[in-house]
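Build the full structure now, drawing on both the sequences and the hints.
Chains A and B, in that order, give the protein sequences.
Count the first sequence with my numbering and you get residues 1 to 95, in order.
Count the second sequence with my numbering and you get residues 1 to 477, in order.
Bear in mind the hints are in silico, worked out from the structure with no lab data behind them.
You may find that some hints are simply not true.
[Claimed, not checked] In silico BS3-like pairs for lysine-lysine, Cα to Cα no more than 27 Å straight-line:
#1 B:Lys-79 <-> A:Lys-50
#2 A:Lys-5 <-> B:Lys-265
#3 B:Lys-18 <-> B:Lys-289
#4 B:Lys-79 <-> B:Lys-53
#5 A:Lys-92 <-> B:Lys-79
Everything numeric in this text was worked out from a predicted model, so none of it was measured.
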Amino acid sequence: MAIDKETVKYVAHLARIELRPEELDKLCRQLHDILGFIDQLSSLDVKEVKPASHILPICNVLREDEPRKSLSPDKALKNAPSREGDFFSVPKIIE
Amino acid sequence: MRYQTVIGLEVHLQLSTKTKAFCSCAIDFGRPPNSGVCPVCLGLPGTLPVYNKEALNSAIKVALAFSCQIQEHTKFDRKNYFYPDLPKNYQISQFDLPLSRNGHLEIISEGELKRIGITRIHLEEDAGKLIHGSNSSLVDFNRTGVPLLEIVSEPDIFSPQEAFDYLTTLKNIIEYLDVSDCDMEKGSLRCDANISLRPEGSKELGVKTELKNMNSFKGVKDALTFEVIRQTELLESGQAISQETRLWDAGKGVTVAMRSKEGAKDYRYFPDPDLTVFVIEQEAVKRIKSGLPELPKEKMRRFIKEYGLSEYDAKILVNSRRDAEFAEECLRMYPGKDKKPVVNWLIGPLLSEANNRKLSLCGLKVDKQELINLVGFVEKQEISNLSAKLVLTQMIDTRKPAEEIIKENNMLQISDSTKLEAIILEVIRDNEKSVNSFKEGKTNALMFLVGQVMKRSAGKANPKVVGDLLKRRLTGA
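Quick look at the structure:
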């Protein structure tokens with residue numbers, strides 16, 4: 001599978017990553033190699049294999065609906081780059 | 001050209017569990033900002049979400065109530081996007097293996113029974129709350145991770161009124177299941193609408209717009225009505241509809257295109273590796289199904305059959321589960337075989353007291369036995385209808401028994417003919433003219449004479465008995 005610079009730019013934008021031109025070239029090559037490697041899988045015959053979305057052989061992991069202690073606002077906000085009162089503060093969002 | 005309106009609705013419903021979807025933070029919307037959060041719902045590294053058993057049960061109940069097929073295998077996926085109210089930068093939702101599919105909801109719209117398809121009902125989690133200040137936006141993560149259900153309808157809704165009726169029916173059922181507050185103003189029920197027009201008779205769907213930001217069922221109806229007109233005008237003047245998200249401005253009564261256009265959304269869904277799959281056993285589904293309460297439609301049918309109610313009366317009574325249960329207990333307690341007198345009191349005076357006080361029927365907290373006693377007094381003609389309504393008001397205000405209020409206010413009707421005869425004779429003596437016109441065949445005159453007796457008895461005479469006595473005396477029968 002070929003991957004072009006536009007695709008890498010698009011994916012970088014979705015991930016909110018800024019790339020310098022030389023990084024773009026490098027990542028383009030690396031992603032191309034990675035996808036090529038993964039692509040080998042398509043040569044396998046999986047007709048008899050059941051689809052899986054998880055590798056662990058467990059299911060139905062649930063918890064009871066019983067409240068436990070939450071963090072204090074101070075603890076919750078401890079690593080916030082910016083706070084106002086007990087709120088996290090972020091650059092103003094329009095709409 | 002005539003156009004057909006095509007609407008599909010997406011309803012988001014907050015489940016009223018004690019704790020969040022994937023962590024044990026208590027859900028309490030009254031608490032101070034960021035005091036109901038933990039490393040899991042804050043999306044801190046190294047945490048592991050575990051789904052809430054009760055939320056899954058509630059979701060299965062809803063899916064069954066909407067006749068959906070519960071999928072044997074279901075899983076959670078990550079829906080990736082950046083927004084400050086979403087601390088993990090993805091929402092845990094369901095993509096290709098939702099909890100349930102292919103259901104339907106029967107609604108009555110403008111007198112007609114209609115079946116609206118439900119595409120899917122799936123599980124997801126709520127985002128936090130943003131408060132926009134002048135220089136910054138503030139984030140409260142208390143709501144982050146509250147369990148949500150998304151109920152997606154088929155594009156089977158053909159008018160704003162039908163959309164409204166779909167929503168009220170849906171809410172009614174959810175309330176019966178007792179799994180959500182369903183309060184649109186508080187945000188525990190939210191609704192987005194997709195709407196498009198197509199030439200009548202056409203099978204293809206037109207270009208749709210997605211409407212958001214409606215905070216009442218009426219708002220949904222109004223926004224859709226506006227959009228039908230806007231799209232019709234565009235199409236008729238040969239312009240194209242652009243596929244976009246529009247926000248309803250309730251104050252101005254218009255929809256406005258959202259400014260941010262990032263092109264097609266690319267959520268890059270993939271299975272959440274932190275959450276293993278769910279295998280839902282048929283046995284468990286059966287067990288939940290057998291525990292479902294009687295739903296409004298069935299209750300309505302049963303009320304009609306068991307208590308001889310009219311469809312109209314039954315429909316009013318099943319509007320809320322608690323009111324319907326209150327009404328049914330009253331109907332059962334009433335000794336008479338014909339339940340009509342109780343029904344009339346429930347949806348007449350009692351309902352109007354409730355409406356006046358902005359309460360529900362059972363919110364009036366009227367003692368059921370006392371209500372039945374009151375209806376009994378009226379049926380035995382011991383008090384007049386008018387007095388009985390006053391008694392009811394006092395019963396609600398003072399919580400005194402009906403009989404006590406009747407006695408205190410000296411409201412018992414006089415049905416005793418010897419007491420009434422004296423007044424009747426007086427009235428006959430003083431109203432010669434009316435007596436004569438009655439004898440000449442003017443039946444109206446009798447009503448006048450009854451009125452005179454009522455007046456002289458200070459309203460306490462039993463009008464039916466008075467009428468009978470008067471007639472007998474005047475005709476000699």
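Fill in: Holds or violated: Lys-5 of chain A to Lys-265 of chain B, with C-alpha atoms at most 27 Å apart
20 Å, holds
*asked:* Between the alpha carbons of Lys-92 of chain A and Lys-79 of chain B, is the straight-line distance 27 Å or under?
replied: 23 Å, holds
- request: Measure nothing beyond the straight line between the CA atoms of Lys-79 of chain B and Lys-53 of chain B; if it is 27 Å or shorter, mark the hint as holding.
  value: 22 Å, holds
query = Given the proposed pairing of Lys-18 of chain B with Lys-289 of chain B, does the C-alpha separation stay at or below 27 Å?
reply = 22 Å, holds
If you draw a straight line from the CA of Lys-79 of chain B to the CA of Lys-50 of chain A, is it 27 Å or shorter? The hint holds at about 24 Å.
When each numbered hint is compared with the structure, no violation occurs for any of them.
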